[in-house]
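Visitor: In case you want the letters, here they are:
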Amino acid sequence: MQDLLEKIYRDNDQLAFRQLFLQYSDRLIVFAASLLPSREEAEEAVSDVFVKIWQNRATLPAVRNLNTYLYTAVRNTAYNYRTSAGRMPEVLTGEHIQVAVNAMAASPEDMLISKENLRKIESAINLLPARCKLIFRLVKEDGLKYREVAEILEVSINTVNTQMAIALKKLGEVIDIRQHFGWME
Amino acid sequence: MEQHERLWELMAKRTAGILSAAEEMELEVLLEAAPEVARQQELLDKISLQSTGKPTLERKEILLDRIMGDMAAAENNETPRIPEATEDSTPAPRRRWRAMAAAASLLLLLGAATMTYLRTTTATVVWSTVQTRPGSKTRITLPDGTLVMLNAGSTLSYPNNFAKSGRQVKLTGEGYFDVTKMANYPFVIHTNTVDIKVLGTTFNVRAYADEPHTETALISGAVEVTVKDAGKQHITLSPRQKLLVANSIMDTASKPLPAARPDDQKPLIVLESMEKEHAGSLIAEAAWVENRFVYRNENFSQLIKRMERWYGITIECHNQSLLQTSFTGNVQGESLDQLLGMLKQTKQFEYNVTAGKVIIH
Chain U
1 MQDLLEKIYR DNDQLAFRQL FLQYSDRLIV FAASLLPSRE EAEEAVSDVF
51 VKIWQNRATL PAVRNLNTYL YTAVRNTAYN YRTSAGRMPE VLTGEHIQVA
101 VNAMAASPED MLISKENLRK IESAINLLPA RCKLIFRLVK EDGLKYREVA
151 EILEVSINTV NTQMAIALKK LGEVIDIRQH FGWME
Chain V
186 MEQHERLWEL MAKRTAGILS AAEEMELEVL LEAAPEVARQ QELLDKISLQ
236 STGKPTLERK EILLDRIMGD MAAAENNETP RIPEATEDST PAPRRRWRAM
286 AAAASLLLLL GAATMTYLRT TTATVVWSTV QTRPGSKTRI TLPDGTLVML
336 NAGSTLSYPN NFAKSGRQVK LTGEGYFDVT KMANYPFVIH TNTVDIKVLG
386 TTFNVRAYAD EPHTETALIS GAVEVTVKDA GKQHITLSPR QKLLVANSIM
436 DTASKPLPAA RPDDQKPLIV LESMEKEHAG SLIAEAAWVE NRFVYRNENF
486 SQLIKRMERW YGITIECHNQ SLLQTSFTGN VQGESLDQLL GMLKQTKQFE
536 YNVTAGKVII H
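Chains as they are written, first to last, in our numbering: chain U, 1 to 185; chain V, 186 to 546.
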């Protein structure tokens with residue numbers, strides 16, 4: 001990733017810039033959509049961020065953490081849209097992002113979670129309170145660290161930890177373990 | 186109660202991988218007292234999330250073109266692109282959005298014209314088809330320089346106006362792809378169960394009609410897999426990840442739910458991490474390219490289908506308990522006789538070979 005940034009600010013490499021966009025746009029657009037009322041505005045906000053990144057590429061060497069840099073830029077742009085539209089810059093009135101849940105295995109021999117439990121977890125995630133769900137998504141889907149999430153959403157690490165604990169508790173409760181650990185009965 | 190809260194606090198920390206050694210021991214003790222919670226959390230670790238409604242690769246290309254347009258415009262006229270705040274209650278970004286919508290509809294009109302043009306010439310589009318027989322493999326270089334190794338018993342088709350038609354191919358069977366990088370021109374592989382879109386990368390696709398799964402294994406770069414059932418999930422793979430989609434996913438939409446069988450509990454989409462094979466330079470999924478036949482924890486009934494294709498023979502198995510047995514191994518350039526000899530060491534069986542047909546007792 002550092003290579004990509006170097007190519008952008010040192011060589012003005014537009015191909016590297018395209019690659020950066022393709023790698024991050026999914027996550028950033030979904031994130032923006034949770035802050036803004038429409039998909040179109042979410043795409044617009046992320047596009048604006050990338051135009052600015054190119055224009056200000058000379059400042060890229062100062063970027064310590066690309067994740068927090070990009071997500072924070074998207075958040076700020078989204079807030080600007082909201083204030084300029086006369087709306088309150090209050091978080092999370094945007095689209096409620098739906099998630100699909102699939103099985104993941106560490107190796108081919110790894111035990112798989114049942115289809116029934118996947119379905120239960122999926123509906124439980126989609127019923128989480130908006131903020132809790134956003135935090136859970138940023139950690140589990142986007143792979144962000146707690147301190148990154150805390151910085152991006154301007155909350156304490158403790159808040160992130162608490163919200164994650166709530167999510168883990170609620171999602172764990174819906175899982176029927178008898179399908180997997182029959183011998184425990 | 187307080188103890189229980191502590192359990193969740195520690196559990197959340199574990200998820201982040203920020204538990205200290207002392208906390209880890211503390212959590213272990215708490216979990217021993219709550220075995221059900223421990224099991225549930227173990228299972229909760231085995232999920233992967235995909236937000237729905239992510240933009241498609243085509244949509245991203247459209248956005249990128251706009252971004253590049255804005256970048257160029259900003260560099261040409263030194264004036265700032267963003268208009269100053271006015272009395273107008275419509276905020277600047279939204280206004281720009283409307284202008285872009287107008288431009289987009291113009292593009293759509295142009296698009297419609299291209300479509301009709303394409304339609305009139307459809308008659309002249311010729312699909313070239315490369316087919317491999319059981320027991321043989323082949324190597325194809327497509328007009329854009331993309332290299333495809335086609336495994337035994339497979340079919341690859343591509344249109345004669347390959348570049349113009351947006352680099353599309355159709356695959357049944359197994360292929361190893363090394364796709365030439367071309368910005369703006371994604372390469373698309375259509376199979377029965379999934380569509381795979383890439384920009385430039387190396388990966389293996391296994392889509393045999395007689396196997397339970399369609400498998401996409403990514404070696405380098407990034408690919409986007411779209412599942413062709415009603416859900417139309419887009420899943421983006423990272424290197425060393427493999428996506429298995431049950432081919433039966435295609436009939437769940439049309440058929441009413443059957444009575445629950447134990448088999449119905451298997452997930453339809455599984456994301457798996459791949460381990461590097463020590464024997465060769467390639468991952469196990471692509472070992473066939475190096476003429477290696479790799480089988481890992483594979484059911485004999487599946488294994489004989491692969492052996493039939495690999496050696497171009499027919500295998501008949503009358504040994505029921507053998508069909509339920511799983512095998513693991515790795516051979517390179519071995520004859521059918523040698524392979525059968527190796528399998529016999531795992532589980533004893535008798536066989537005889539007559540005119541291209543193996544009969545196992």
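Note that these hints are calculated values from the structure, not bench results. Please note that the accuracy of each hint is not assured.
What the hints assert, rightly or not - Computed Cβ-Cβ distance ranges for the label pairs, DEER-style: (1) L332/V - Q98/U: 50 to 56 Å; (2) T340/V - R119/U: 49 to 55 Å; (3) Q517/V - A58/U: 39 to 45 Å; (4) N261/V - L15/U: 26 to 32 Å; (5) R119/U - I544/V: 51 to 57 Å; (6) A58/U - T241/V: 31 to 37 Å; (7) R147/U - R481/V: 55 to 61 Å.
Claimed, not checked - Below 30 Å or equal to it, Euclidean Cα-Cα: the simulated DSS-like pairs (lysine-lysine) are: (8) K490/V - K115/U; (9) K115/U - K322/V; (10) K322/V - K366/V; (11) K7/U - K198/V; (12) K198/V - K145/U.
On a predicted model such as this, the values are computed, not experimentally measured, just so you know. Cβ coordinates follow ideal geometry from the N, Cα and C atoms, glycine included.
Visitor: Hinted pair, alpha-carbon criterion (30 Å max): K115/U, K322/V. Please report holds or violated.
Guide: violated, 37 Å
Visitor: CB of Q517/V to CB of A58/U, is that within 39 to 45 Å?
Guide: violated, 53 Å
Visitor: For the range 50 to 56 Å, tell me whether the beta carbons of L332/V and Q98/U fit it or not.
Guide: violated, 39 Å
Visitor: Are K322/V and K366/V close enough, with their CA atoms no more than 30 Å apart?
Guide: Holds, at roughly 25 Å.
Visitor: In this structure, is the beta-carbon distance linking T340/V and R119/U contained in 49 to 55 Å?
Guide: For R119/U against T340/V, whose Cβ atoms are near 35 Å apart, the range 49 to 55 Å is violated.
Visitor: Evaluate the given range 26 to 32 Å for the C-beta pair formed by N261/V and L15/U.
Guide: violated, 21 Å
Visitor: Starting from K198/V, check that the Cα of K145/U is at most 30 Å away, please.
Guide: Satisfied, since the Cα-Cα distance of roughly 11 Å is no more than 30 Å.
Visitor: Assuming the hint says 51 to 57 Å, is it satisfied by the Cβ distance from R119/U to I544/V or not?
Guide: Violated: the Cβ-Cβ distance is about 44 Å, outside 51 to 57 Å.
Visitor: With the threshold set at 30 Å, check whether the alpha-carbon distance from K7/U to K198/V stays at or below it.
Guide: violated, 36 Å
Visitor: Does K115/U sit within 30 Å of K490/V, going by the straight-line distance between their CA atoms?
Guide: Holds. K490/V to K115/U sits at ~27 Å (cutoff 30 Å).
Visitor: Does the hinted range 55 to 61 Å hold for R147/U and R481/V at CB?
Guide: At roughly 39 Å between Cβ atoms, R481/V and R147/U fall outside 55 to 61 Å, so the hint is violated.
Visitor: Quick check: does the Cβ-Cβ distance between A58/U and T241/V fall within 31 to 37 Å?
Guide: holds, 33 Å
When held up to the earlier numbered hints, the structure conflicts with 1, 2, 3, 4, 5, 7, 9 and 11 and fits the remainder.
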